[in-house]
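With the hints as extra help, turn the sequences into a complete structure.
For the protein sequence lines, the chains are B and A, in the order given. Using the working numbering, you'd call the opening residue of the first sequence number 766 and step up by one each time. Using the working numbering, you'd call the opening residue of the second sequence number 766 and step up by one each time.
No lab work stands behind these hints: they were computed from the structure. The structure presented is a predicted model; accordingly, all values stated were derived computationally and were not measured. There may be inaccurate statements among the hints.
No copy labels: a pair is met if it fits in one copy or bridges any two.
Computed cross-link-like contacts, EDC-like style, restricted to lysine to aspartate or glutamate with a CA-CA straight-line distance of at most 16 Å [what the hints assert, rightly or not]: (1) K872 / E801; (2) K1074 / E985; (3) K800 / E1001; (4) K976 / E1001; (5) K1083 / E801; (6) K1074 / D917; (7) K1074 / E876; (8) K1083 / E823; (9) K943 / E904; (10) K943 / E968; (11) K976 / D1065; (12) K872 / E860; (13) K1083 / D1048.
One-letter residues, chain by chain:
Protein chains: 2
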Amino acid sequence: MKWFAILISALSFSMVSWGQGSTDPLPSWQAGPSKEAVQSFVTRVTQPESPDFVAPAERIAVFDNDGTLWAEQPAYFQLFFALNRVHALAPEHPEWATQEPFASLLKGDYETALAGGEAALLEIVMASHAGMSTDAFAELVTNWINTAVHPDTGRPFREMVYQPMLELLAYLRAMGFKTYIVSGGGIEFMRPWAEAVYGIPPEQVIGSSIKLEYTMEAGEPVLMRLPEINFIDDQEGKPIAINRHIGRRPIAAFGNSDGDLPMLQWVSGGAGARFALYVHHTDAEREWAYDRDSSIGRLDRGLDEARAKGWTVVDMQKDWRQIFPTPNP
Amino acid sequence: MKWFAILISALSFSMVSWGQGSTDPLPSWQAGPSKEAVQSFVTRVTQPESPDFVAPAERIAVFDNDGTLWAEQPAYFQLFFALNRVHALAPEHPEWATQEPFASLLKGDYETALAGGEAALLEIVMASHAGMSTDAFAELVTNWINTAVHPDTGRPFREMVYQPMLELLAYLRAMGFKTYIVSGGGIEFMRPWAEAVYGIPPEQVIGSSIKLEYTMEAGEPVLMRLPEINFIDDQEGKPIAINRHIGRRPIAAFGNSDGDLPMLQWVSGGAGARFALYVHHTDAEREWAYDRDSSIGRLDRGLDEARAKGWTVVDMQKDWRQIFPTPNP
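Next up, the structure:
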């Protein structure tokens, strides 16, 4: 009994010191209310003597990806992957020379290509994401993420992740949390690199998906990707997908847009201590500034609800000392 | 370097001794080819110096539930839950007195009730499994599993699990495996008790599902269960669901019927060491004996393929010293 008490107090001391001691687990976060809110929540749910203590198995944190863990301007990065695929596939599709949205896309006229709205986008995604096995697709994604660079910054896309969020992911995991991605992006687009970039293994990546077909090819079973939407993991889809994949209600949720609002509501609506955080894109100089009027990552109703409910809203300009990781020399 | 070598050799020694030493991790398994095949596979993939060594993150084992982890005769146990719900709901549904399949069901004439085949079954499932929140459903399932007993044996359903499979689950986990359920049964029907009964947490339970709706009730977000099929996790659905939920190809698969065949093919088709096992129901005395002609858990094509490919086929009568756990006194 005595040893047990010593162990517990040693444990809780080490947790407190991790959060408040000399080694700051969140060095890219400016001291202030956002950082304090994160750390105070984590302390409350992890200290054994705390009335808000949560058992490790229930310490689940869900993160949106586009605009929350990595940037999303001037377009979702997955679209650049799709464009890359359309260019690579063009020689096999001479009809694309005159067929929209491909004709404009191949000429580099993205505005005309995307003028068709969601239907045009869907055509591009289906043409570039389907018609191969899951293994072949993973290889295409891996090759792309290891080489592709952002058109404006010239940085590799995989380095356009937010340094403060990388620190937050590592901090939460060190405190016994399981971290999940819950993104509108493609589940199989994220899995090949999420572990290397975020430390999040494939089984903790949730996203949108297209239908699959189980079939035999030369006597070997394969899963073929079909040009048909299976599930869109956005808006109300997020709490539904969380329930389906995890089967537990997370206690912390992180997003940046109205598309994340149902997820933040669902997570903060549960019993016990809950944490909801919005990343607010306020830094036009170091990143991009956008919210209520943006067609990508619109944050409007969510911002109002966050303020009304007292959720944490990160002001990227003020709260983050650094946006992107320092590149390796 | 030296300390590292000592550590590795200590680790591998402890793994070998767990598998072959004096404390048998599988005491309910009769010595013989089935038990030997399981242990030799586990040893091969867990010993660091083995050419077939598999990193812990990739040690994923998938288990069918009905007929593999617990019994499934004279009908899938989930059907007894559904019948129980139909009886409980009957007072609110006077029309059921004359409406099939409910009229026959309520009279106890299951044969006539189920004469309508899949359509009748679907009606029963929808009437009993939908129209409430996910939380309310979990509570109904929990109450049922803690009280319901099998009509023939009088044992609680939750104790009609296979003792040798409980030992196998624990053994695999002790050897660094992650164990998943991949069942045709309802995902939300299994999750409330899978951890207590099998040691498998909710996020490692995969199954069939109905559609959900995210909605607000008195200002609180809820997920409502809709009377519409979302996904049937059987046959070709199993490898598809494995890909969607886990995003890795498991290295070991355990089933008992033709419905598990695509899962066993998919798992054993991958590179490196692979293990596929069928539980063959051969024990009419201690359990039930059925295979090629059974309407529940038919094992026909699967048995042929298992023999052709050299998969392990457990003969329940010969290979298992005990079928069900010894009841607590």
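Hints the structure violates: just list their numbers, smallest first. When the structure is compared with the hints, numbers 1, 3, 6, 7, 8, 9 and 11 turn out to be violated.
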